[in-house]
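Listed in order, the protein sequences are those of chains F and Y.
Counting from 1, position 22 in the first sequence corresponds to residue 25 in my numbering; the numbering is continuous, with no gaps.
Counting from 1, position 65 in the second sequence corresponds to residue 114 in my numbering; the numbering is continuous, with no gaps.
The hints are simulated quantities; they were obtained by calculation from the structure and are not laboratory data.
Careful: at least some of the hints might be erroneous.
[What the hints assert, rightly or not] With a straight-line cut-off of 27 Å between C-alpha atoms, the simulated DSS-like cross-links for lysine-lysine are: (1) F:K319 with F:K98; (2) F:K61 with Y:K104; (3) Y:K78 with F:K322; (4) F:K324 with F:K281; (5) F:K319 with F:K283; (6) F:K219 with F:K322; (7) F:K255 with F:K319; (8) Y:K104 with F:K324; (9) F:K319 with Y:K173; (10) F:K255 with F:K281; (11) Y:K159 with F:K324; (12) Y:K99 with F:K98; (13) F:K312 with F:K322; (14) F:K214 with F:K281; (15) F:K281 with F:K143; (16) Y:K85 with Y:K99; (17) F:K143 with F:K98; (18) F:K143 with F:K228; (19) Y:K85 with Y:K74; (20) F:K98 with Y:K159; (21) F:K98 with Y:K74; (22) Y:K74 with Y:K104; (23) F:K61 with Y:K72; (24) F:K322 with Y:K85; (25) F:K228 with F:K283; (26) Y:K173 with Y:K78; (27) F:K61 with F:K27; (28) Y:K104 with F:K322; (29) F:K143 with Y:K173; (30) Y:K159 with F:K312; (31) Y:K85 with F:K61; (32) F:K319 with Y:K99; (33) F:K324 with F:K312; (34) F:K27 with F:K324; (35) Y:K159 with Y:K104; (36) F:K312 with F:K255; (37) Y:K104 with F:K98; (38) F:K228 with F:K207; (39) Y:K104 with Y:K72; (40) F:K283 with F:K125.
On a predicted model such as this, the values are computed, not experimentally measured, just so you know.
Given next are the chains, with one letter for each unit.
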Amino acid sequence: MVVGIVGYGVYLPWCRIRLSDLAKAWGRSFPTSVEKTVPFWDEDSISMATEALQNTIKHAGIGEDEIDAIYFGTTTNPYLEIQGSSILKTMIEVKPETLTMDFTNSARSSTLAIIACMNAVKSESINYGLVVASDMLIGKPGSNVEYLASSGAGALIIGRENLIAEFEGTTSYSTEFTGRWRGESERFTMMTMERFIRGHGFIKHVATAGKSLMEKVGKVSGDFKYAVFSTPDLTYPRRILRPLGLIPDQIKVGIVANSIGYTGSSSVIINLAAALDKAKPGERVLMISYANGGSDAFSIFPTENIEVKRQNIVDKYLKRKRYVDYNTYLRWNRIFEKISK
Amino acid sequence: MATPPNPPFWRLVPGMHRLIGLKCKRCDKVNFPPRKRMICADCGGTEFDKVRIGKRGRVLTYVIAMRMPPGMVGPAAFAIIDTDDGARISAWSTDCIPEKYGVEEGTPIKCDMPVELVIRVIGKHEPTPYYGFKFRPIML
Chain F
4 MVVGIVGYGV YLPWCRIRLS DLAKAWGRSF PTSVEKTVPF WDEDSISMAT
54 EALQNTIKHA GIGEDEIDAI YFGTTTNPYL EIQGSSILKT MIEVKPETLT
104 MDFTNSARSS TLAIIACMNA VKSESINYGL VVASDMLIGK PGSNVEYLAS
154 SGAGALIIGR ENLIAEFEGT TSYSTEFTGR WRGESERFTM MTMERFIRGH
204 GFIKHVATAG KSLMEKVGKV SGDFKYAVFS TPDLTYPRRI LRPLGLIPDQ
254 IKVGIVANSI GYTGSSSVII NLAAALDKAK PGERVLMISY ANGGSDAFSI
304 FPTENIEVKR QNIVDKYLKR KRYVDYNTYL RWNRIFEKIS K
Chain Y
50 MATPPNPPFW RLVPGMHRLI GLKCKRCDKV NFPPRKRMIC ADCGGTEFDK
100 VRIGKRGRVL TYVIAMRMPP GMVGPAAFAI IDTDDGARIS AWSTDCIPEK
150 YGVEEGTPIK CDMPVELVIR VIGKHEPTPY YGFKFRPIML
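Here chain F stands alone, though its shape is the one from the complex (with noise of 0.2 Å):
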């Protein structure tokens, strides 16, 4: 039976900040274009989701009452002991009888839901299942994470009729691996070497995840036109082409980090986002997230459908933008707080 997605949708935060300025606080440099997002003060990971669950439901053209489970993935969720997906499921009106499900601990989260949302729709236990993968990264003042963790929301639904894309394959390829971590009451995430994480966590994981993906579908690495990752900015992917056999082209489009930052769980999906928009039917797509010796892949494959449902909604948010200073987004953060009197 054939899976796939049904409609898409992102949020971005409409302000960003210049990692450059960001650097001139701490007396370092940067590349003046790179760029993260920052969310107003009153934003989390449930707001985006949100407004990310909104696009898609709009874009998906189906009805609030038809969606039969929600499966939210996230690292950042507000609540401890409430579920992000039931808070989500109040404020986008589905029907109580609505499956809820969320998966955390993870920046995967969202590669993995979606493998649970596509096998409930394979086993025709659902119909309609929503996808979110949401995140507030922070890093701490002056630290390395400071300079990739952001924030945005991504979302899919995922069915049987009216696809634009299938999927056709899936594998999935994890070891135990510590790269980025945050303790249980911390709130800052922690990042270990970076070169540590590329060589032995995401070239490793990555490349096995997609060599295997390939076996299994009988695709060549030529026989897709996108490639997107998960990623915090353009060195990773860059590493990658040579051991999957990729060329730069495939992974010009998909890879919006250099403008977003790492958005943790939901960077795969709004890379994929990126890729959809632009996806003509027929223009395969290889997806592979990666998060702590952990990765996905997916092989997706557009359907004339696409050009009907043609939307270009990263884009527009990526257009949409106004740059705060690094005061700003410190007092956003909360890492500084007013004390009063």
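Position chain Y relative to chain F; hints supplied.
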């Protein structure tokens, strides 16, 4: 339910997380927020249909707050919004800094300006947030 854990807030959920209004059966006026024992603001009718209110509207009037309640970052505008469906809603501004008083460059808020309602964090029941509608200038 992400509201402060007490009954008054919990009862407000239809108006905080969703825009559910009560449309008067006699005069078609949309009353908001919905309450259990409601009397229509226009005609005094007591029979209603539940309707979903659209998220677009216009600013009727506003005030700019420089000193914000605890947990909020200012300056921000507090406005009364007339939605396109005829409901009247009060909400804080978001995604914009009222230009006249703020130090930073921002989006000026004016009467009759088209706005949309979005879900944001309204406040904190420490340390966890609760959510509700705020308005922002239409951007996309």
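Requested in this report: Mind checking the alpha carbons of Y:K104 and F:K322 for me, to see if they're no more than 27 Å apart?
Outcome: holds, 23 Å
Query raised in the report: Is the straight-line distance between the alpha-carbon of F:K143 and that of F:K228 27 Å or less?
Result: violated, 38 Å
Query raised in the report: F:K61 and F:K27: Cα distance at most 27 Å?
Result: violated, 41 Å
Query raised in the report: Given the hint that Y:K104 pairs with Y:K72, does the C-alpha gap stay at or below 27 Å?
Result: Holds, at about 16 Å.
Query raised in the report: Straight-line Cα separation of Y:K74 and Y:K104 no greater than 27 Å?
Result: The hint holds at about 22 Å.
Report task. Would you mind confirming whether the straight-line C-alpha gap from Y:K85 to Y:K99 stays at or under 27 Å? Result -> holds, 12 Å
Query raised in the report: Quick one, are F:K324 and F:K281 close enough, alpha carbons at most 27 Å?
Result: The given pair, whose Cα atoms are some 21 Å apart, holds under the 27 Å limit.
Query raised in the report: Regarding the pair F:K27 and F:K324, is the alpha-carbon distance no greater than 27 Å?
Result: holds, 21 Å
Query raised in the report: Are the Cα atoms of F:K283 and F:K125 separated by 27 Å or less?
Result: holds, 25 Å
**Report entry** Distance restraint between F:K98 and Y:K74, which requires alpha-carbon spacing of 27 Å or less
**Finding:** The given pair, whose Cα atoms are some 25 Å apart, holds under the 27 Å limit.
Requested in this report: Would you mind confirming whether the straight-line C-alpha gap from Y:K173 to Y:K78 stays at or under 27 Å?
Outcome: With Cα atoms ~33 Å apart, Y:K173 and Y:K78 exceed 27 Å; violated.
Report task. Would you mind confirming whether the straight-line C-alpha gap from Y:K85 to Y:K74 stays at or under 27 Å? Result -> holds, 16 Å
In this structure, the hints that do not hold are numbers 1, 3, 6, 9, 15, 17, 18, 20, 24, 26, 27, 30, 31 and 32, in rising order.
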